[in-house]
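*Asks:* Listed below, chain by chain, are the residues.
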Amino acid sequence: MVVVVLPGILAAEAGGRKRFELDAPTVGDALRALPVADRLLDERGELRTLVNVYVDGTDARARGGLAAPLEGGETVRLVGAIAGG
Amino acid sequence: MSVLVLVGTRKGLFLLESDESRRDWKLDGPLLTGWSVFHAVLDTRDGTIHAATNNEVYGATVHRSPDRGETWARAEELGLPEESGLTLEKTWHVEPGRPGEDGRLWLGAAPGVLFRSDDGGATWEPVEGILRHETRDRWYPGAGGMCCHSVQLDPDEPGRMYVGISAAGVFRTDDGGESWLPANKGTAADFLPDPWVEVGQCVHKVLLHPGEPGRLWQQNHCGVYRTDDRGESWERLEGNGLPSGFGFPLALDHRDPDAALVVPEEGAENRVTNDGRIGVYRTRDGGASWELLRDGLPQRAWGAVMREGFGADRLDPPGVYLGTQSGSLFVSADAGDTWLEAVSQLPPILSVEAAQWS
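Protein chains in written order, with this note's numbering: chain A, 1 to 85; chain B, 1001 to 1358.
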């Protein structure tokens, strides 16, 4: 079981729910299980460029990206990169 | 009966409501907080609001609300096929289908693509005839990306519609979207070595006159144009009172096919409204002459009005709505003769769309 924490704009898209507890062997599996998966991944299934994923505070891109393994017990935090104005 | 104006901004959607006098406006919003609303429209067939929504981080999508913004659903399927080599960049314009075409909607998007929905906006399929158009290798993006921003349906011919894509040009289908013909003859691409190309024109906005569907108006990067033969040929309409051919917004008077309104800018290299004021220019003789309308509009302003930031309703006389990048919405209840500032200090306005609401 891992905990996934959404940013506010995506929590609004998920009916107001900010935390999800789910079973997922990889970061990609965790993201694809969310009701906002299409906002995190593009139509190719790739992580959108400006979406950052932190697993217990470490950037998932440094741990293999979507393929990064999850053992259970981690907190996966989704954060939008600083962009726009 | 009331008039509802949907105001899309860089930071959410606002709704303004008034009675038919269109003098006093009640403001509601922001809705869709966090999303840039490039365009929002009320589908008068069923009362659903559809919004083309974009976020720098979370991508492009379409939202819809059956209850005037209280609850929203997001498109479930919207994307481009892998073999196209393209991915969806931005959503630009939602056009409801004709009366009787229940559930059908069209969506113009970047990079130069058109989608169709037959289930009220839940799922969207790319229109192959645009996606794989034989001239696509001669299209390229304008400053706003390669956006399909204009989608116009012929009200009388079920198979006929038009799209405007920057910078690809205008395309017409007569078979419901299977095949698309370039419809750019007479529109200049002054920024190319040969300005009279088949495709590649930087069209900024195209509108079809509902009472005379063979007539369309076009605001282009290089001029204002009119066609009377379904886009087979275009006539350039500059001069005679119009200070510049460069601009983005365009509005029509539903009562009069000879009338059109534009808000020109100084030029491509200085994109502010002409002469240090916000001025609307109107023709009532098919573009042969233009008059400046400025009663009630700021006379000391260097404004900008986006391509969707201007529109008209279907009342008599028609209301005209002008939203600025400075966050003001100006309303004329008399076809452009006089203007009132209905609201100010909104986020930068990207779109306005008016509907009658009962």
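Keep in mind that the hints are not guaranteed to be accurate.
[Unchecked claim] Not the full set, but computed from the structure, chain B residues with beta-carbon under 10 Å of chain A:
| # | residue |
| --- | --- |
| 1 | Gly1034 |
| 2 | Trp1035 |
| 3 | Asn1055 |
| 4 | Glu1056 |
| 5 | Gly1059 |
| 6 | Thr1061 |
| 7 | Trp1072 |
| 8 | Arg1074 |
| 9 | Ala1075 |
| 10 | Leu1078 |
| 11 | Glu1082 |
| 12 | Thr1087 |
| 13 | Leu1088 |
| 14 | Phe1191 |
Just so you know, the hints here were simulated from the structure itself, not pulled from any lab data.
Glycine included, each C-beta is placed from N, C-alpha and C at the ideal position.
*Asks:* Given Ala1075/B as an interface hint, is its Cβ closer than 10 Å to any Cβ of chain A?
*Replies:* At about 8 Å, which falls below the 10 Å cut-off, the nearest Cβ of chain A leaves the hint on Ala1075/B intact, so it holds.
*Asks:* Given Thr1087/B as an interface hint, is its Cβ closer than 10 Å to any Cβ of chain A?
*Replies:* This hint holds: Thr1087/B lies near chain A, its Cβ roughly 5 Å from the closest one there, short of 10 Å.
*Asks:* Does Trp1072/B pass the interface check with chain A, least Cβ-Cβ distance below 10 Å?
*Replies:* Since the shortest Cβ distance to chain A is 8 Å, the answer is holds.
*Asks:* Per the CB criterion, is Arg1074/B less than 10 Å away from chain A?
*Replies:* holds (6 Å)
*Asks:* Return the status of the interface hint for Phe1191/B: holds when the least beta-carbon distance to chain A is below 10 Å, violated otherwise.
*Replies:* With Cβ-Cβ at 28 Å, over 10 Å, it is violated.
*Asks:* Under the criterion of a CB-CB separation shorter than 10 Å, is Glu1056/B in contact with chain A as hinted?
*Replies:* holds (4 Å)
*Asks:* Next item in the hint list is Trp1035/B. Is there a CB on chain A closer than 10 Å to its CB?
*Replies:* holds (8 Å)
*Asks:* So, as I understand it, the hint says Leu1078/B touches chain A; can you test that by seeing if any CB pair is closer than 10 Å?
*Replies:* Leu1078/B check passes; min Cβ-Cβ to chain A is 8 Å, inside 10 Å.
*Asks:* When the nearest CB of chain A is found for Leu1088/B, is that gap smaller than 10 Å?
*Replies:* Hint on Leu1088/B: holds, closest Cβ of chain A at ~6 Å, below 10 Å.
*Asks:* Would the hint on Glu1082/B be counted as holding, given a Cβ-Cβ threshold of 10 Å to chain A?
*Replies:* holds (6 Å)
*Asks:* Does the CB of Asn1055/B sit less than 10 Å away from some CB of chain A?
*Replies:* holds (7 Å)
*Asks:* Should the interface hint for Gly1059/B be scored as holding, given a Cβ-Cβ cut-off of 10 Å against chain A?
*Replies:* holds (6 Å)
Of the numbered hints listed earlier, the single one contradicted by the structure is hint 14.
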